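One letter stands for each residue in the lines below.
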Amino acid sequence: MIRIDDLSFRYGGSSQAALCDITLDIDDGEFVLITGLSGGGKSSLCRCLNGLIPHFYGGKISGRVEVAGLDVMKHSTRELATSVGMVFQDPENQLIAFDVEREIAFGLENLSFSPDMMAKRVEEVLDAVNITALRHRHVDELSGGEKQKVAIASVLALYPSILVLDEPTSELDPKGAEEILALVKRLNDEMGITVVLVEHRLERVMAYVDRVVVLDKGKVVADGSPQSVLDEKKLSRAGIGIPPLVALAHGLRDKGIEINDIPLTVKEARAMVIRTLHGKNVEDCVISEKRRDRNVQDQPLLEVKGLWYAYSSDLVALKNVNLQVYPGEFVLLMGRNASGKTTLVKHFNGLLRPTKGDVVLNGINTKGTTVAKLARQVGYVFQNPDEYLFCDTVDEEIAFTLKNIGFGKTDIVRLTDQVLDRFGLMPYKQCYPHSLSGGEKQRVAIASVLASRPSMIVLDEPTRGMEYGLKVQLMKFLDDYRNGGGTVILVTQDVETVVEYGDRVILLSEGRIVVDGTKREVLSRALLLSPQVNRLAQSLRGNGVRGDILTVAEMLSVLP
Amino acid sequence: MASYKYRDRGTSIYRLNPWCKLTWIGSIVILALVFDNPFYLLLLFLATLPMVLSAKVMREWASLMKFSLLLGLMIIVMNALLSNRGMDVLWQSPVSLPLMGTIRITLQAIVYGIGQSLRLMTILSAFTLLIFTIDPDDLLLSMRKLKLPYKAVLVSSLATRFAPVLMNDAQTIIDVQSCRGVEFDRGKWFSRAKRYVMVMIPLLSNSLDRGVQVAEAMESRAFGSGQDRSFYREVQITSSDKMILAAAALPCFTGIYMCYLGQGEYDYYPILGSLSLSSFEVVMVLVLMLLLNLGFFLMYLRRRVLIDQD
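Chains as they are written, first to last, in this note's numbering: chain A, 1 to 560; chain B, 561 to 870.
There may be inaccurate statements among the hints.
[What the hints assert, rightly or not] Here are the simulated DSSO-like cross-link-like pairs (lysine-lysine), alpha carbons at most 27 Å apart as the crow flies: (1) A:K367 - A:K346; (2) B:K616 - A:K367; (3) B:K616 - B:K707; (4) B:K754 - A:K441; (5) A:K280 - A:K267; (6) B:K626 - B:K705; (7) B:K754 - A:K429; (8) A:K217 - A:K60; (9) B:K705 - A:K409; (10) A:K219 - A:K74; (11) A:K217 - A:K476; (12) A:K280 - A:K255; (13) B:K711 - A:K373; (14) B:K748 - A:K74; (15) A:K305 - A:K280; (16) A:K409 - B:K711; (17) B:K616 - A:K403; (18) A:K319 - A:K280; (19) A:K373 - A:K217; (20) A:K367 - A:K409; (21) A:K373 - B:K754; (22) A:K346 - A:K403; (23) A:K175 - A:K60; (24) A:K403 - B:K802; (25) A:K120 - B:K754; (26) B:K711 - A:K346.
Hints listed in this document are in silico derivations from the structure and should not be mistaken for laboratory results. Owing to the predicted nature of the structure, the values given are computational and were not obtained by experimental measurement.
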């Protein structure tokens with residue numbers, strides 16, 4: 001039981017309230033999803049539930065928080081640990097011991113449980129989380145998803161009645177994320193643990209939860225069952241990503257069709273569509289492709305010939321990859337974890353050199369040049385902008401790259417201003433990069449790479465852990481860049497986001513290219529890789545719906 | 561790929577009680593400090609090899625040895641240049657140099673340098689075993705038994721735990737900055753060093769963030785509750801462990817006794833002492849070598865017994 005009465009909080013040194021007049025009751029056994037834009041107060045709310053606020057993070061707090069009968073203001077985080085288990089975003093930063101069993105026992109040791117008792121609890125938790133096979137493994141040999149499971153096990157060992165998870169999947173690949181969410185669902189179902197989950201990929205969790213709470217600027221703006229919250233259109237106005245199936249329902253409603261229940265799963269959506277189709281014909285529409293025809297005499301911008309790459313004799317990451325990318329293409333590079341995607345794109349700007357074979361960019365073989373020299377041709381964007389912004393102001397950050405690759409002073413000033421203007425960063429020119437919001441930081445990072453006007457840009461999973469609004473912003477920008485003649489290569493596993501963009505998909509598996517074709521060909525035939533709307537379309541083929549529909553707009557155009 | 565961290569490679573040395581390993585490593589280090597005779601030091605160095613082989617860490621060991629060999633060469637060169645002692649002058653600078661005076665390179669100074677390098681390599685080789693064969697968690701528990709404060713021990717253990725993570729972070733930042741046109745391999749060492757500032761600043765700020773998050777996670781799992789901690793696993797010492805422990809300590813006492821008898825001493829200056837040993841000394845050295853490997857044999861013997869029991 002969680003009771004929050006009129007809670008307000010402001011971090012020390014901040015002028016803005018992180019939480020504002022929040023009143024919320026959560027019953028035992030509920031599965032509550034908390035969502036909203038970043039900076040909306042989701043993490044702060046979580047921290048209030050186990051006393052990290054106000055005991056670890058100081059600030060000005062008012063109101064009352066009662067968790068499992070304990071007043072959070074009067075009980076320390078340590079005392080609350082046996083009532084509230086807290087799982088954080090980055091699994092790496094929650095694990096303290098070297099092996100899995102000791103990691104799980106850490107909390108029990110702190111509370112000085114007897115060795116017998118610890119052995120029993122460790123055993124139980126290993127089973128509950130289904131990681132018995134990992135028990136003797138070393139933490140640093142585990143995958144991200146496995147680490148997160150160990151983190152969940154380690155808080156469960158204290159037998160909390162409430163589990164709070166603050167974006168537990170944002171650092172994980174789709175498969176790992178799916179496993180964590182299924183695990184949390186099972187803990188809620190079978191063990192009756194109350195779950196408070198922060199997550200922004202609504203399409204993945206909506207079907208699991210009992211209740212959705214939306215936070216915006218520290219206030220609760222919506223609270224109710226998933227159907228009722230998703231029914232309101234104000235969510236999309238608040239910049240929160242509406243799951244594609246929900247968007248489809250909204251679209252049908254706009255067409256004047258009566259929809260009672262908002263669908264949360266492909267199965268429900270299928271029933272909804274069949275109801276609407278009742279007695280009507282599917283419209284046969286021609287899906288317009290934004291195809292750009294290539295001239296026969298076009299030279300490839302990038303050519304990969306017989307590329308092999310081995311990290312060591314027993315770890316061969318790329319096996320005979322052949323590939324040509326032409327100017328103006330938007331390529332999506334997809335595949336499982338460890339399929340060689342990152343290894344491949346690191347060859348495009350010389351970060352890695354082929355063990356065998358050649359990578360030729362604009363006629364230059366990467367073997368004979370440096371990463372710095374190639375930086376004029378290829379912009380390479382890494383995932384986390386926090387990892388490399390280090391100058392005092394935004395314009396210095398951009399000038400830094402230009403100076404390194406050899407532009408003169410006047411050019412630097414001119415190009416910096418141009419790129420700042422194009423990215424809408426002019427107002428922040430003199431700001432300290434780290435004080436900007438997540439989206440702004442990402443824009444600075446991309447601007448610093450694109451200032452020198454490279455002919456190709458490579459992005460390695462830029463949307464992982466990013467909220468919906470920022471993803472759309474980024475994808476739109478990439479589309480503009482491509483329409484201006486640039487070439488985009490995007491490594492991604494986030495099919496729902498990229499499905500509207502890009503025109504060619506390359507699928508890697510175990511270091512080889514297994515499929516290389518147009519987006520429609522590849523994504524409409526894959527099983528797990530297909531976006532939700534396509535899975536829906538495929539299951540409706542018997543009703544006359546084309547099986548290669550990918551987006552909500554396309555689906556709406558064929559339905560009456 | 562050589563990875564500089566503990567990994568159980570499945571041989572019986574990893575099952576051995578950490579105290580036995582610590583004692584054995586301690587014996588080698590103490591003996592390397594006690595003996596001066598380069599022949600004895602060489603034998604000590606060789607005595608670490610069976611352990612390295614049986615721990616299957618040759619590759620990691622070799623790359624650390626390459627580094628210590630480099631360090632050893634530096635010691636030899638520096639000592640030869642800076643030490644003026646010794647009678648057999650091999651070369652003398654024709655003029656007196658400012659600050660350094662006349663440089664005299666003597667045979668004795670070179671041999672002394674070699675002796676010191678051997679000592680260094682022996683100690684480093686033993687430490688390799690410490691890093692690669694003792695589970696850091698076990699090491700933490702053992703240190704705890706030595707009555708070192710838990711928090712201090714935990715902090716050093718966390719530092720080891722996060723070292724590979726930070727190395728990874730640093731590599732990513734280097735990659736990112738290369739993509740932004742920084743050429744890390746170019747220029748004089750000073751400008752190179754300056755370039756690493758742009759790696760250090762983001763690395764530092766990332767690490768601070770990590771630190772806060774680790775603290776949060778520990779706090780959330782009742783760390784520092786004020787009660788005494790209990791331990792999930794204690795390092796248990798069985799009677800066969802005790803035997804191996806004694807066997808690991810024995811060479812240390814024997815060696816010290818040999819020293820007391822005047823064995824293993826060596827005069828480098830002013831002229832090199834003789835390396836020839838009396839027959840008693842030869843016997844003693846052989847005994848010492850055997851004792852150094854005694855624990856090793858016992859370990860295998862125990863495994864055989866355990867297998868037979870199964």
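Checked hints:
no. : hint            : in the structure
1   : A:K367 - A:K346 : holds, 13 Å
2   : B:K616 - A:K367 : violated, 35 Å
3   : B:K616 - B:K707 : violated, 32 Å
4   : B:K754 - A:K441 : holds, 25 Å
5   : A:K280 - A:K267 : holds, 20 Å
6   : B:K626 - B:K705 : violated, 34 Å
7   : B:K754 - A:K429 : holds, 25 Å
8   : A:K217 - A:K60  : holds, 17 Å
9   : B:K705 - A:K409 : violated, 63 Å
10  : A:K219 - A:K74  : holds, 24 Å
11  : A:K217 - A:K476 : holds, 25 Å
12  : A:K280 - A:K255 : holds, 14 Å
13  : B:K711 - A:K373 : violated, 48 Å
14  : B:K748 - A:K74  : violated, 59 Å
15  : A:K305 - A:K280 : violated, 52 Å
16  : A:K409 - B:K711 : violated, 53 Å
17  : B:K616 - A:K403 : violated, 48 Å
18  : A:K319 - A:K280 : violated, 51 Å
19  : A:K373 - A:K217 : violated, 44 Å
20  : A:K367 - A:K409 : violated, 30 Å
21  : A:K373 - B:K754 : holds, 20 Å
22  : A:K346 - A:K403 : holds, 23 Å
23  : A:K175 - A:K60  : violated, 40 Å
24  : A:K403 - B:K802 : violated, 65 Å
25  : A:K120 - B:K754 : violated, 54 Å
26  : B:K711 - A:K346 : violated, 41 Å
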